[in-house]
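Chains as they are written, first to last, in the numbering used here: chain G, 1 to 128; chain S, 1001 to 1128; chain A, 2001 to 2128; chain H, 3001 to 3128.
These are computed hints drawn from the structure, not numbers from a lab.
Keep in mind it's a predicted model, so treat the numbers as computed, not measured.
Using N, Cα and C, we set each Cβ at its ideal position, and we do this for glycine too.
Among the hints, a few may not be true.
Stated by the list, open to error - Quick list of simulated restraints, FRET-style, between CB atoms:
| hint | chain 1 | residue 1 | chain 2 | residue 2 | range |
| --- | --- | --- | --- | --- | --- |
| 1 | A | D2053 | S | T1077 | 19 to 27 Å |
| 2 | A | A2024 | G | A60 | 46 to 54 Å |
| 3 | H | E3080 | A | D2055 | 45 to 53 Å |
| 4 | A | W2019 | H | A3024 | 28 to 36 Å |
Unchecked claim - From the derived model, a few chain G residues whose C-beta atoms are all more than 12 Å from chain S:
| hint | residue |
| --- | --- |
| 5 | S44 |
| 6 | R46 |
| 7 | L86 |
Number of protein chains: 4
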Amino acid sequence: MPAVGARRWVIADGYIPEWSQGPAPEFSSHEAACILNAGADPASVRLTVFFEDRDPVEFALRVPACRTLHQRLGDLTDPEPIPPGLGYSYVVDSDVPVVVQHTRLDSRQAANAVTTTIAYPAREEEDA
Amino acid sequence: MPAVGARRWVIADGYIPEWSQGPAPEFSSHEAACILNAGADPASVRLTVFFEDRDPVEFALRVPACRTLHQRLGDLTDPEPIPPGLGYSYVVDSDVPVVVQHTRLDSRQAANAVTTTIAYPAREEEDA
Amino acid sequence: MPAVGARRWVIADGYIPEWSQGPAPEFSSHEAACILNAGADPASVRLTVFFEDRDPVEFALRVPACRTLHQRLGDLTDPEPIPPGLGYSYVVDSDVPVVVQHTRLDSRQAANAVTTTIAYPAREEEDA
Amino acid sequence: MPAVGARRWVIADGYIPEWSQGPAPEFSSHEAACILNAGADPASVRLTVFFEDRDPVEFALRVPACRTLHQRLGDLTDPEPIPPGLGYSYVVDSDVPVVVQHTRLDSRQAANAVTTTIAYPAREEEDA
C-alpha cells in the first residue's frame, strides 16, 4: 500500500491522569499516540510537546513500514517524562505520511472512561 | 441521494477489549466500523488491518446501496480473527464514496465506556 | 458573524441506547445532533436517516439565525421515530452553512458514558 | 516552530454538566477549550458563544507563543458566565493559526465520563 495521511498532526488536549484503579497495565490511566505508517518506508517521527508554563520538549520515535505504533505518552523518558496531571499539547512531524489518533484511558474512578479523536492534519497552506 | 464521502478512510487506534461485563450482546466489549453508503450503487469495501509486529491482513465487506453497515471488528473471521488485547490500525478502501466512523465500547469494568471518532478521510494529494 | 461551516454533514454511527438509569431528562440515554447556525439567515435542515435493512427516512428541522439547536434524535416523530437499539447513519443537508457535532449519552449501566465527534463535512468535489 | 492550524474553529456541542462527584478540581464536571499556539507570536483569541434562545456572547483570551491553554469554559466570567445545564456552541477566532480541541468531563454519576473531539477548522472558501 502507498503511504497514506499527512506529515504533520496536532493534538491540543493532552492530560495524563495522575492515578489509576484496576489491574495494570490494562487499566492504568494513560494517553496513547497511535501512529499508522501504511507505506513501504519506515517513518522517523518527532513529537513536540507544548505546555502552559514552560518551553516545548521534543521526543523521537520510529514506526516501521506497514506497521502501527501505539505509543503511551507516559512511557516517554528521553529527554524527560511528560508530567501527569498537567495540560499539554503536541505536534507530530513525520518524514513520510502517517495517520495519528489520540486516546485517553482514565481509570481514576471505579469505572474507566475512554475518549479518542483523530488528530488534526495540518496542511501546508494553513501554516503561517 | 448521490454518493457522499471518500474512497479511503483510516483509523489509527484499534483495540478490542479482552473481556466484558453485563449482558451480551449489548454490553459485549467491541469495536465497530460504521460505514454509510448513501449512494445508489453497492460498495465493495476492503479493510486492511495493520499491527505492531506482524504483516497486514485484508478483509472484504459489502455495503448495499442506501444502507449503513455497523461491522463489529471482532466478528471478522475470514481470513483470520483480529486478536483482542492488541493495538491495531486499519485502512478502509471502497470503490464508491462512503463515510466511516469508528466506535469502541469497553465494558471490562462495572460501567461501560464508549468512544467514537469520524475516521480520517485520505485524499489523493496527501498520499506519497 | 458570517455563516460558517458546510451545507452537508455525515454521521456514520448512530445508535440510540434502549434504556437508561438515573433521573430524567439529564441521564436519559440519548443521541443529539448539535447544529450551529452562526449566520444571519435561518437554516432549513433536512436529516436523512439510513438503516441496515430498510429505506432511508427524512426529517425536517429549522435552526434560527445566530442560534444553536441540540436536537435529541429520539425525540423526532415526524414522519416516524428512529427505533432505539438499531444501528443507523444520517446525512444533514442545510440551505446555509452550519456546523454539526454528534453526541451519545449512554446511561444503561450505573455510570453514564459519553462520546462525541464533529461530523464529516462533505465537500462537493468528494461526491460521486 | 512556525504557527500551525487555522484561524477559525467551531464546536457545536457545548454543555457544562450541572453537578459533580469526587474531589475537586480533578473530578469537577467541566468543559475545556484546549488551544495550542505553536508559533512565535502570541495569539489574541475571541470565543463567541451561541445559545438556543438568546443572543451570542463574546469572551477574550490570550495564548502566549509556544504555549497551550486549557481553558475551562465554566471559569469564564467576563462579561458573564456560561450557564451550566444548557446546550451551547462556540466559535474560536484567533489572529494567528492555532489548533482547538474540546473536552468534557462529566462526573455527575459515580464514575466519570470523558469525551473529546478536535474542533471543526473553518476554511475561508466554506463560509457563506
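Status of the hints after comparison with the structure:
One distance hint, 19 to 27 Å for the beta-carbon pair A/D2053 and S/T1077, holds here, with the actual separation near 22 Å. Range check, A/A2024 to G/A60: about 51 Å between beta-carbon atoms, so the 46 to 54 Å window is met. Restraint check, H/E3080 to A/D2055: a C-beta distance of roughly 47 Å satisfies the suggested window 45 to 53 Å. For A/W2019 paired with H/A3024, a C-beta distance near 31 Å keeps the hint of 28 to 36 Å intact.
Distance to chain S confirms G/S44 as a non-interface residue, since its nearest Cβ pair spans about 14 Å, more than 12 Å. Chain S leaves G/R46 outside its interface by the beta-carbon criterion, the shortest separation being 17 Å against a cut-off of 12 Å. For G/L86, the non-interface assignment is confirmed: its Cβ lies about 22 Å from the closest Cβ of chain S, beyond the 12 Å cut-off.
Every hint, counting from the list given before, is met by this structure.
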